[in-house]
Amino acid sequence: MKKKIVSVIAFLSIIFVLTAFLGRFFADKTSWYNKSEFFNAKTGFDALFFGSSRMHEAADPIYLWENYGIASYNLSSSGESIQMTYYVLSEALENCHPKMVFVDASKISEETGSINSKYGFVHESIDALPLNKNKLEAIDYARNFFEGGRLAFISMLYAYHDRYDDLKERDFTNTVNYDKGAYIMTSVMKRTMPDTFTDKVSPLKDGDGVRYYKRILDLCRNQDVICVLTDIPVNKAVYDEERQMKLNALKALTEEKGGKTILFNNILNEIDMDYDHDFGDASHLNFMGAKKVCDYLAGYMKENGVKDHRDDPDYSVPWTEDIEKYKLQRIKMLDSKEEAVAYLFGAMGGDNEISLYIRNRDDLLNQYGMDICLEMVKPEIRDAGDEELGGFDMKIEVRSGKDGSLLAGKSFEYNIYSGMFLAG
Amino acid sequence: MTITSLYFLIFTVAAAALYYITPVKKQWMTLLFLSVVFYCLSAAPFTIIFVLLSTVTAYFSSMYISGGNPAVSGQDKNRSRVIALAVIFNVLLWFICKGSAYWIQPLSFLHARIPALPGAPSVSIPAALGMSYYTCQVIGYLLDCYWGTAKPQKNFFKLFLFLLFFPQLTTGPISRYNDLQTIYDGRPFDISKIERGAQRILWGFFKKLVLAERISLIVNTVDNNDRFSGVWLWAALLIYPMQLYSDFSGSVDIVLGLAEVFGIDLPENFNNPLMSTTSQEFWQRWHMTLGNWAKDYIMYPVLKNEKTLALSSLAKKKFGKRAGKLVSLGIGMFFTWLVMGIWHGNYKYILGCGIYYYIIMLSYEALSPVLKRINRFLKVNEQAFSWVLFKRIRTYFVLCVYMVFFRADGISGAFSMLKDLALSLHPSNFNLWSLFNGSFTETSLSLTDLNIIVISLLLLLLAALMREKCGHARDWISSQGLVFRWISWAGLFVLVIVFGKYGPGYHTADFIYQGF
Numbered sequence: 003m004k005k006k007i008v009s010v011i012a013f014l015s016i017i018f019v020l021t022a023f024l025g026r027f028f029a030d031k032t033s034w035y036n037k038s039e040f041f042n043a044k045t046g047f048d049a050l051f052f053g054s055s056r057m058h059e060a061a062d063p064i065y066l067w068e069n070y071g072i073a074s075y076n077l078s079s080s081g082e083s084i085q086m087t088y089y090v091l092s093e094a095l096e097n098c099h100p101k102m103v104f105v106d107a108s109k110i111s112e113e114t115g116s117i118n119s120k121y122g123f124v125h126e127s128i129d130a131l132p133l134n135k136n137k138l139e140a141i142d143y144a145r146n147f148f149e150g151g152r153l154a155f156i157s158m159l160y161a162y163h164d165r166y167d168d169l170k171e172r173d174f175t176n177t178v179n180y181d182k183g184a185y186i187m188t189s190v191m192k193r194t195m196p197d198t199f200t201d202k203v204s205p206l207k208d209g210d211g212v213r214y215y216k217r218i219l220d221l222c223r224n225q226d227v228i229c230v231l232t233d234i235p236v237n238k239a240v241y242d243e244e245r246q247m248k249l250n251a252l253k254a255l256t257e258e259k260g261g262k263t264i265l266f267n268n269i270l271n272e273i274d275m276d277y278d279h280d281f282g283d284a285s286h287l288n289f290m291g292a293k294k295v296c297d298y299l300a301g302y303m304k305e306n307g308v309k310d311h312r313d314d315p316d317y318s319v320p321w322t323e324d325i326e327k328y329k330l331q332r333i334k335m336l337d338s339k340e341e342a343v344a345y346l347f348g349a350m351g352g353d354n355e356i357s358l359y360i361r362n363r364d365d366l367l368n369q370y371g372m373d374i375c376l377e378m379v380k381p382e383i384r385d386a387g388d389e390e391l392g393g394f395d396m397k398i399e400v401r402s403g404k405d406g407s408l409l410a411g412k413s414f415e416y417n418i419y420s421g422m423f424l425a426g
Numbered sequence: 176m177t178i179t180s181l182y183f184l185i186f187t188v189a190a191a192a193l194y195y196i197t198p199v200k201k202q203w204m205t206l207l208f209l210s211v212v213f214y215c216l217s218a219a220p221f222t223i224i225f226v227l228l229s230t231v232t233a234y235f236s237s238m239y240i241s242g243g244n245p246a247v248s249g250q251d252k253n254r255s256r257v258i259a260l261a262v263i264f265n266v267l268l269w270f271i272c273k274g275s276a277y278w279i280q281p282l283s284f285l286h287a288r289i290p291a292l293p294g295a296p297s298v299s300i301p302a303a304l305g306m307s308y309y310t311c312q313v314i315g316y317l318l319d320c321y322w323g324t325a326k327p328q329k330n331f332f333k334l335f336l337f338l339l340f341f342p343q344l345t346t347g348p349i350s351r352y353n354d355l356q357t358i359y360d361g362r363p364f365d366i367s368k369i370e371r372g373a374q375r376i377l378w379g380f381f382k383k384l385v386l387a388e389r390i391s392l393i394v395n396t397v398d399n400n401d402r403f404s405g406v407w408l409w410a411a412l413l414i415y416p417m418q419l420y421s422d423f424s425g426s427v428d429i430v431l432g433l434a435e436v437f438g439i440d441l442p443e444n445f446n447n448p449l450m451s452t453t454s455q456e457f458w459q460r461w462h463m464t465l466g467n468w469a470k471d472y473i474m475y476p477v478l479k480n481e482k483t484l485a486l487s488s489l490a491k492k493k494f495g496k497r498a499g500k501l502v503s504l505g506i507g508m509f510f511t512w513l514v515m516g517i518w519h520g521n522y523k524y525i526l527g528c529g530i531y532y533y534i535i536m537l538s539y540e541a542l543s544p545v546l547k548r549i550n551r552f553l554k555v556n557e558q559a560f561s562w563v564l565f566k567r568i569r570t571y572f573v574l575c576v577y578m579v580f581f582r583a584d585g586i587s588g589a590f591s592m593l594k595d596l597a598l599s600l601h602p603s604n605f606n607l608w609s610l611f612n613g614s615f616t617e618t619s620l621s622l623t624d625l626n627i628i629v630i631s632l633l634l635l636l637l638a639a640l641m642r643e644k645c646g647h648a649r650d651w652i653s654s655q656g657l658v659f660r661w662i663s664w665a666g667l668f669v670l671v672i673v674f675g676k677y678g679p680g681y682h683t684a685d686f687i688y689q690g691f
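Just so you know, the sequences run in chain order A and B.
Per this note's numbering, residue 3 is the first one in the first sequence, and the count goes up by one each step.
Per this note's numbering, residue 176 is the first one in the second sequence, and the count goes up by one each step.
Treat the hints as calculated values from the structure; they're not laboratory data.
Glycine residues also receive a C-beta, built at the ideal position from the N, C-alpha and C atoms.
So, partial list: chain B residues that the calculated Cβ filter (under 10 Å) puts toward chain A:
no., residue
1, Ile369
2, Glu370
3, Asp624
4, Tyr677
5, Gly680
Construct all of the structure, not just a fragment, from the sequences and the given hints.
Quick look at the structure:
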């Protein structure tokens, strides 16, 4: 009997280990991809960015480091509501003590009884957080809005076991984002600049989002961290009077609780925002827009005492190592670019030599954004026929400036309806 | 609490722990307590009163007949009256609650034509959990006591446990009182029993979550989407029995495994039914406990009835020995299939399950001498694999047609489905290519899912073949070396937790036989 019991216990232990392994294996790694470098960081951070995809694609820590020596991390994620931002921020402040935190204004909902997010987005926000009291509180809140209860956020196997058709390379390699949590777009899309502004203030309803935002402000004040409510540039269509009135009210609330506010949509000309080229898609900035936002934020941080760490080896050594890894990762990520402009902008930088083989040069400028792209990237453009293009209409090659070795390459087909060169 | 939920698994572990820490003599009380808790967590708690009512009638009527002296004819008459009253009471209770479709539809029909008559009640009629199962058990118990084949239970609570024993409340099986005496026997902790129970539960989860749920996505899409016509109707027709089998037998595996955890062996409900070569054999292998119950408590009493014997002997005199046998069989089977149809709780089952199989089986019985002569004339080798396979396919197809009544929404729905199936055979509708043009992805299944269905069916077939040749597959696995055993069970575990259809946002369908 004793032998049998030992055997059963041993088997159950194997099952337990197997379950843990499978849970980790099948879990969607996006949250870890973006956030694990923060929790494993060798240095502290002076600034942290929180919020939804608008912030995720606007605040570029690598740019801030290379140009201003500011150590920062972008902890925002797609569709993150302010409620989840509160829990991510709480966890972040237990791991480091930044001087400033920038909180995205776009997902502060006045609704009651709504998390203002989606199931997958909540996972993206909190999966990478260590399982502690803070995460359990986040789960306890989130479970009210989704099926599956607490288990749906605690057990990765329960939540993700059916991802067998969606496994990616990332699931096998556990790669992380060396862009310090940000996702910087390289595509170009034309948007319209907001042009009507109001100083009117609407009374804030005490909905879930507003209540959680107040908790954020209180938390920051208690921890002696400057909380900066940040409204990232948006398209004119969504910047209506109602939104502005709400933002004005949030600004008043922030200042009342000792925080600060940057409403970028009110200073678009001041930061030289170019609505013809600074957006990557309908609602997110690309690297050119992000650069303008970051330049402004850097100035703002300097004014508030954030230091340049580039001469401090405790910072510069690990950051330089990470930037090298980031450059390699950028090249690797080129393969995921679906159109030629995004590919060319993605390949730009360092000493890369870029060659563009084209069947018909007349088609080239039909793609929106290609003009500014060619002007900035300056690829070597060569006419090519079927032999070089292999049936495609364009081929881009990226070679190392040091030894001429091929780093990346991709072929594109010209789509006459959209006027775009799309990956074949 | 459904038996595929995590709460059920937690409940099982807690229940087993509580059971085995209870002193052996009092373990049946723990089972009763657990059964009440399970009932209250799984159904509207007040409906337990129906189970109590059945127990009260069974207890007092069995006590009454056990106290009387059967040798005294007057008392004997009273005994039969008391038992008849108790049986009628339980049947009526079932009709009012579970068989409400039988009286609500006629009431609505009559009320629509004669408004002065009362209409159907506007509130839904409550029913007890597993009412169809325990009503059969209570009737069986009453008749066994009456016939003297069972000794009446003197402890009211023990009798209550017989009806309320929680593993079988969800999908049966229907146990006979004499076979379930082991629930009252205490037993010490035995890890082997728990291990075997857990293995069977895992196999049940595999059938339900990996296979039945996936097939249901195909069948439901075909049933609810007009775009899926022609050959898809036939595909759903042919695959639905697999769904029902894996669903129903999966639930029974979980139930039997759960009972095994407590060291209790419940009767088997399936014995490879899809390997049957005739419909008669099929019903001896499918839902066996209901079939056996109907045979013991309906068919045999009808066959032994004086009027049946008289009719049979009349037919024998007029048309010969075979006719006499057919008449008696025809009468016995008629009542058996009628009750089996009624048990399922809807008119469509009386027609689909009852009348359909009654006609099929009686015709087969009547024509079997002719069929045998044809086989002899054609020199058919009845032992040949090809002939056995043909008979299995034939039996399966008969089953597929019966399943139309199971899937359809009422009798007219079933006939409309049969008509659509016939019309879809027209060359302009029957396009085999539509099975391969990728349209199956609209059923929310991926190619991987389709592969999983195929692999799971092969595993099921392997287990079935092993059972035909050498008994349960788990017994065979148990006889293998440690590494093989562990790999087999861990592999099945991985299959269930990775490929099982469950998780947030996914609603695992109730077991099809859970509604009875």
